[in-house]
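Number of protein chains: 2
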Amino acid sequence: MKHRKFLLAETDIPTHWYNIVADMPNKPLPPLHPGTKEPIGPEALMPLFPMELIKQEVTGEKWVEIPDEVRDLYTLWRPSPLYRAYEFEKLLGTDCKIYYKYEGVSPSGSHKPNTAVPQAYYNKQEGVKRITTETGAGQWGSALSFACNHFGIECEVYMVKISYEQKPYRKLLMNTWGAKVFASPTNLTNAGRQILAQDPNSPGSLGIAISEAVERAAMNDDTKYALGSVLNHVLMHQTIVGQEALKQMEMAGDMPDIVVAPFGGGSNFAGLTFPFLRLNLEEGRNIRAIAAEPASCPKLTRGVFRYDFGDTVGMTPLLPMFTLGHKFVPSPIHAGGLRYHGAGVIVSQLLHDKLIEAQAVMQKECFQAGVDFAKAEGILPAPEATHALATVVREVQKAREEGRPKTILFNLCGHGYFDMSAYQQYFEGKIVDHELTAADIEALIAEIDTPEILEA
Amino acid sequence: MKHRKFLLAETDIPTHWYNIVADMPNKPLPPLHPGTKEPIGPEALMPLFPMELIKQEVTGEKWVEIPDEVRDLYTLWRPSPLYRAYEFEKLLGTDCKIYYKYEGVSPSGSHKPNTAVPQAYYNKQEGVKRITTETGAGQWGSALSFACNHFGIECEVYMVKISYEQKPYRKLLMNTWGAKVFASPTNLTNAGRQILAQDPNSPGSLGIAISEAVERAAMNDDTKYALGSVLNHVLMHQTIVGQEALKQMEMAGDMPDIVVAPFGGGSNFAGLTFPFLRLNLEEGRNIRAIAAEPASCPKLTRGVFRYDFGDTVGMTPLLPMFTLGHKFVPSPIHAGGLRYHGAGVIVSQLLHDKLIEAQAVMQKECFQAGVDFAKAEGILPAPEATHALATVVREVQKAREEGRPKTILFNLCGHGYFDMSAYQQYFEGKIVDHELTAADIEALIAEIDTPEILEA
Numbered sequence: 000m001k002h003r004k005f006l007l008a009e010t011d012i013p014t015h016w017y018n019i020v021a022d023m024p025n026k027p028l029p030p031l032h033p034g035t036k037e038p039i040g041p042e043a044l045m046p047l048f049p050m051e052l053i054k055q056e057v058t059g060e061k062w063v064e065i066p067d068e069v070r071d072l073y074t075l076w077r078p079s080p081l082y083r084a085y086e087f088e089k090l091l092g093t094d095c096k097i098y099y100k101y102e103g104v105s106p107s108g109s110h111k112p113n114t115a116v117p118q119a120y121y122n123k124q125e126g127v128k129r130i131t132t133e134t135g136a137g138q139w140g141s142a143l144s145f146a147c148n149h150f151g152i153e154c155e156v157y158m159v160k161i162s163y164e165q166k167p168y169r170k171l172l173m174n175t176w177g178a179k180v181f182a183s184p185t186n187l188t189n190a191g192r193q194i195l196a197q198d199p200n201s202p203g204s205l206g207i208a209i210s211e212a213v214e215r216a217a218m219n220d221d222t223k224y225a226l227g228s229v230l231n232h233v234l235m236h237q238t239i240v241g242q243e244a245l246k247q248m249e250m251a252g253d254m255p256d257i258v259v260a261p262f263g264g265g266s267n268f269a270g271l272t273f274p275f276l277r278l279n280l281e282e283g284r285n286i287r288a289i290a291a292e293p294a295s296c297p298k299l300t301r302g303v304f305r306y307d308f309g310d311t312v313g314m315t316p317l318l319p320m321f322t323l324g325h326k327f328v329p330s331p332i333h334a335g336g337l338r339y340h341g342a343g344v345i346v347s348q349l350l351h352d353k354l355i356e357a358q359a360v361m362q363k364e365c366f367q368a369g370v371d372f373a374k375a376e377g378i379l380p381a382p383e384a385t386h387a388l389a390t391v392v393r394e395v396q397k398a399r400e401e402g403r404p405k406t407i408l409f410n411l412c413g414h415g416y417f418d419m420s421a422y423q424q425y426f427e428g429k430i431v432d433h434e435l436t437a438a439d440i441e442a443l444i445a446e447i448d449t450p451e452i453l454e455a
Numbered sequence: 000m001k002h003r004k005f006l007l008a009e010t011d012i013p014t015h016w017y018n019i020v021a022d023m024p025n026k027p028l029p030p031l032h033p034g035t036k037e038p039i040g041p042e043a044l045m046p047l048f049p050m051e052l053i054k055q056e057v058t059g060e061k062w063v064e065i066p067d068e069v070r071d072l073y074t075l076w077r078p079s080p081l082y083r084a085y086e087f088e089k090l091l092g093t094d095c096k097i098y099y100k101y102e103g104v105s106p107s108g109s110h111k112p113n114t115a116v117p118q119a120y121y122n123k124q125e126g127v128k129r130i131t132t133e134t135g136a137g138q139w140g141s142a143l144s145f146a147c148n149h150f151g152i153e154c155e156v157y158m159v160k161i162s163y164e165q166k167p168y169r170k171l172l173m174n175t176w177g178a179k180v181f182a183s184p185t186n187l188t189n190a191g192r193q194i195l196a197q198d199p200n201s202p203g204s205l206g207i208a209i210s211e212a213v214e215r216a217a218m219n220d221d222t223k224y225a226l227g228s229v230l231n232h233v234l235m236h237q238t239i240v241g242q243e244a245l246k247q248m249e250m251a252g253d254m255p256d257i258v259v260a261p262f263g264g265g266s267n268f269a270g271l272t273f274p275f276l277r278l279n280l281e282e283g284r285n286i287r288a289i290a291a292e293p294a295s296c297p298k299l300t301r302g303v304f305r306y307d308f309g310d311t312v313g314m315t316p317l318l319p320m321f322t323l324g325h326k327f328v329p330s331p332i333h334a335g336g337l338r339y340h341g342a343g344v345i346v347s348q349l350l351h352d353k354l355i356e357a358q359a360v361m362q363k364e365c366f367q368a369g370v371d372f373a374k375a376e377g378i379l380p381a382p383e384a385t386h387a388l389a390t391v392v393r394e395v396q397k398a399r400e401e402g403r404p405k406t407i408l409f410n411l412c413g414h415g416y417f418d419m420s421a422y423q424q425y426f427e428g429k430i431v432d433h434e435l436t437a438a439d440i441e442a443l444i445a446e447i448d449t450p451e452i453l454e455a
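Keeping their order, the protein sequence lines are chains A and B. So the first sequence is residues 0 to 455, counted in numbering that gives the first Met the number 0. So the second sequence is residues 0 to 455, counted in numbering that gives the first Met the number 0.
Just so you know, these hints were derived from the structure itself, not from any lab. Computed from a predicted model, the values in this text were never measured in an experiment. Accuracy of the hints is not assured; some may be wrong.
Any copy, or any two copies together, can satisfy a pair, since identical chains are not distinguished.
Unchecked claim - In silico DSS-like cross-links for lysine-lysine, where the CA-CA straight-line distance does not exceed 27 Å:
id: 1; residue 1: Lys160; residue 2: Lys363
id: 2; residue 1: Lys397; residue 2: Lys36
id: 3; residue 1: Lys246; residue 2: Lys1
id: 4; residue 1: Lys429; residue 2: Lys160
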């Protein structure tokens, strides 16, 4: 009988989040004020976030304790299982060993509740009555809806209008957990009204939705804002994924040569890989960490490292990030969770310092890898997760060419049961590959007018 | 930290299926030939099933060994987790302890692969090239598609036309696993053509789809048929659910007073409850086993115990069952898996002998219980599973009135992520309760012309 699953006990849920900042040779640069362009301190974030999350955003402590109530709620679905993908290995005909950490067992079916739960908890502790957020594909919005419902906080989700219309079931899931979901742009905010005045039929974008959610939080004392990726504290919350995976790889008597995760804003990638990168930084190991991004939104592989806004309108602080420019609107690929113009600050610094790698993959190869995986292992992956899969397939091919089998671990960050329309389009041959041309990239970068990063 | 989950190791997957027939005080009566109405032996099933499954259908052995290859594939998702539903208990404000076994972790998201895998395996062993089956909601069809794909067998699914149109994503899941899916009635069979000649726009029914699938198998030497419930061997395969649950309840240091499962043809119910009924039969314990059926299809609570056909057209052997008549077409409720006119032979005998109980529940109370459960525990249940939930809610209420808290275990047999349109209708107030009147029942029973069961 094959030993496919490596399961931990509830008492194995990590007691602390891992803050890679403590181990980074070059620390992240400070954010800048959107108006003055001067470095800002944590107090600038107070209208948007509860104090405890702001502290976590800027802390240099290596380990941050997870509150008991958060660990308790984590037990609803954690520790998540780690699998050896014997059937997928067989399908690929490879000598590589492939493992995957499966985050689809969570209430909303992805890794997002790992940070939604502590974010809702700290807001509750500080008396916040309402949390606003944006969502694209709906993974983050549904995770936050679940967490807010548990802690008795109102949740307002600004969902990109085109997704709102295309993914009614994600919206329904949020409603099930009591959230109010609005098709963004709305008439509820200045940002939304401004967009609608220009284009009453605007399909919306993640950047617009962020502007709306941020505005609502900034204008109301009892309301805060929550973000599902990019920020340091969000990445840190996800490190429970990699910490568990590390223990599970030890149970399997194995250790990855390569760890792979999909890349949108960075939390998925950070969650799995940072606890393995810790071994590189502490012990000089040489585990390769690969961020898998869509070729249609290649900020890591083809963007520039400079200050940029987190939203389209330019309301947020300026962050030092790999970016394609905050005005870039990625083409409407099916991995909505990866359609973001920039990368989180920590990940950007690590990439700049060549401590991690990135690869850009095409939509069709992603769906092909996803279908093959479903045939072999029985789980249909979320479109976001298929980016990691396509990268695994490439690494397997490379290992074959080199005649050196590798041990590969990837993050199967969610199931695709709310993304069946995307698979339908794939089967019907309607999926189109979007890859930016050199001229596209040049034009995008030429348009960026935010401050450059001055090398030390 | 709450101990919510009780997890077993892969080596804890049962080595044998439990055959309750060995322990039944009154054994099931033999099936009758559809034409002669005389008792038939196992050889009559040979055109439809591989020999090993026929042997299992009629065996009196108490324990039937599970082949290594089947146990190996079970490890893709088994053992499934058992949970203490602390959050749901809190929501209900009860002193009862509520546990649930969660079968939604399987590839197709329900308990159905537990029998699809061994059925495909034995067919493969005996050189079968193609398996046909019917499916309503699609849970069974997708489970069999998955299993056939693994063992390299073709799979043909006759899907009730109205479901085929309403549930395109279930069909897509079957396609992902390589199955051919037809909207039944089709032009491929005599049965289908006969129906279409009468009504070219027939929406189809489970009975018609069974007739089509059976005909295809009977007419082709390299093709067999598979059924997802009702038959003895199917019920037996599901007993791994209850065997695991029994171990897990022991891990929890607890034992249920009441076990509850949804009821369609009997495999869901048998899977969870038979290993607990074994304790009643062997040791004289008094665990209550409750089958939760829809009030719109109340064969257990309001049907008659007599011989009846398994399909609408009357092609199958006559089985001694609780039935509403094989011509009964249940109203189109959302728990498609429970829309079957009759109950499996073993369960029918047990109910006749008062060794189990049954309750009929209404659609709205089921969806209400499902939404409450999702809010509390984070998992949105399949409509079928909500029938068990509604029954649990009733038993909790009863325990409150009696002032005697109970320990209740139920089968959360699947997730509802492919059934979101049903929840949408519930939220929009469009769910209608269907309950048969006394006159309806009288008329249905008066129409039954199959042989009565002569009491010994």
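Status of the hints after comparison with the structure:
In this homomeric assembly, Lys160 and Lys363 come within 27 Å of each other (Cα to Cα) only inside a single copy, at 25 Å, whereas the closest approach across copies is 31 Å. In this assembly of identical chains, the alpha carbons of Lys397 and Lys36 never lie at most 27 Å apart, being 45 Å within a copy and 66 Å across copies at closest. Taking CA atoms no more than 27 Å apart as the test, Lys246 paired with Lys1 passes in both settings, with 19 Å inside one copy and 21 Å between copies. In the homo-oligomer, the alpha carbons of Lys429 and Lys160 lie at most 27 Å apart both inside one protomer (22 Å) and across protomers (25 Å), since each shortest distance falls under that limit.
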